[in-house]
Amino acid sequence: MLRALEEDRARVADIEAQIRVLEHSISVLRAQKALVQERLDSYTYPVLTLPNEITSEIFIHFLPTYPLYPPLTGLLSPNLLAQICRTWREIALATPALWSAISLSFYSRHYKQESHISQMWLDRSGCRPLSIKIFTDGIYTPSRPLEVIGPVNSQRARWEYLKLVLSQSFTFILEGPMPTLRQLDFELEYSDPPVDFIACAASRVMLPWSQLTALTLQMVYLRECVPILQQTPNLMYCKLDLVLDPEPDVLPEVRLPLLESLILNDDGEPILGYLDTFVVPALRHLEIPELELGKNPTDTLSSFVSKSGCKLQDLRITGLLSIIRDVREYRRAFPSISKLSLDGWYLLEHEEKEISEVDELA
2 MLRALEEDRA RVADIEAQIR VLEHSISVLR AQKALVQERL DSYTYPVLTL PNEITSEIFI
62 HFLPTYPLYP PLTGLLSPNL LAQICRTWRE IALATPALWS AISLSFYSRH YKQESHISQM
122 WLDRSGCRPL SIKIFTDGIY TPSRPLEVIG PVNSQRARWE YLKLVLSQSF TFILEGPMPT
182 LRQLDFELEY SDPPVDFIAC AASRVMLPWS QLTALTLQMV YLRECVPILQ QTPNLMYCKL
242 DLVLDPEPDV LPEVRLPLLE SLILNDDGEP ILGYLDTFVV PALRHLEIPE LELGKNPTDT
302 LSSFVSKSGC KLQDLRITGL LSIIRDVREY RRAFPSISKL SLDGWYLLEH EEKEISEVDE
362 LA
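Sequential numbering of the sequence shown, starting at 2, is according to our numbering.
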């Protein structure tokens, strides 16, 4: 019995000795750790020595160029910059330009989350003008649209660029003043009942038509465009994607004294005789399908240029090329035009052959 007690006392003493050795080792390691940590704490990453203004500018260039929209989350989102470190988060949150382009999509059931995120971005954008994109559909359209769009809609005075693809339940977004708006891109969902927006636009939609310098109208009859074009004397760029009118009519003349670029497209059905509707003395660039020019494309173009008194510098012929397939024929007809190009196709033994030719004056 006494022998066992003596062995236990010896074992305890041995353990205490080992503990003292280990505690000493731990003490040494802690001292070494403190020295290393002190060196780490004293180190400043070079990027963090930049002035906040420079870092903020770098952040802005990291994102898609305004008015393009960064994603709300993930790569290329300003939220990513705010997650790197505390310093970068403070800089990102203090840079309104990072949060001034907002894209909202209600194609999923996560629209409530996106609405919440949009409110945060609006708060962070300060008083800057906004670039807003909103997409909806008829599947997940919220039962109370205003509750979802409310944060963005409340900032309509700051809207500078607005792109909308909407179901009819969201068209209320267009109601009310938008004093800083520079660009509007509006499209109604195909699933909606037909809405003749163009027909009533010139008389009922309160847009500053006379201030417009650029206009694009898609999938429209030319007769629908004319009332609007007659109110846009300051247009410099115009693109019309036309469809064949089942009820064609004689159209009044459209005079656009400042128009420099006119781009005309069709849906594959030729629409003849409408080019002379335009009088465009300042026109420099014309893009038009060959089928729109009738049986004598060069004669039609010559008549148009002569009537308008314009000095074309760039002529691009597109679509199905059924008459002229060599850009040199246009060069012979228009020797003074700086750039002539064919960019279409023709049928060869029941197969399509693409053409892309450019002729530029030296």
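Bear in mind the hints are in silico, worked out from the structure with no lab data behind them. Here the structure is a predicted model, which is why all the values come from computation and not from measurement. Cβ atoms here follow ideal geometry from the backbone N, Cα and C, with glycine treated the same way. Treat each hint with caution, since some may be false.
Said to hold, decoys possible - The list that follows gives simulated cross-link-like pairs (lysine-lysine, DSSO-like), each with its CA atoms no further than 30 Å apart:
hint	residue 1	residue 2
1	Lys134	Lys164
2	Lys340	Lys354
3	Lys296	Lys240
4	Lys113	Lys134
5	Lys113	Lys240
6	Lys312	Lys240
7	Lys340	Lys312
8	Lys164	Lys240
9	Lys308	Lys340
10	Lys164	Lys113
11	Lys340	Lys296
12	Lys296	Lys134
13	Lys312	Lys296
14	Lys354	Lys308
15	Lys34	Lys113
16	Lys240	Lys340
17	Lys308	Lys296
As the list claims (entries may be wrong) - Quick list of the computed label-pair ranges, beta carbon to beta carbon:
hint	residue 1	residue 2	range
18	Cys128	Leu36	41 to 51 Å
19	Gln184	Lys308	49 to 59 Å
20	Pro209	Gly151	44 to 54 Å
21	Thr172	Gly310	15 to 25 Å
22	Thr299	Thr172	39 to 49 Å
23	Gln212	Gly127	46 to 56 Å
**Indices of hints not satisfied (ascending)** = Per hint list: 5, 12, 14, 15, 19, 20, 21, 23 violated.
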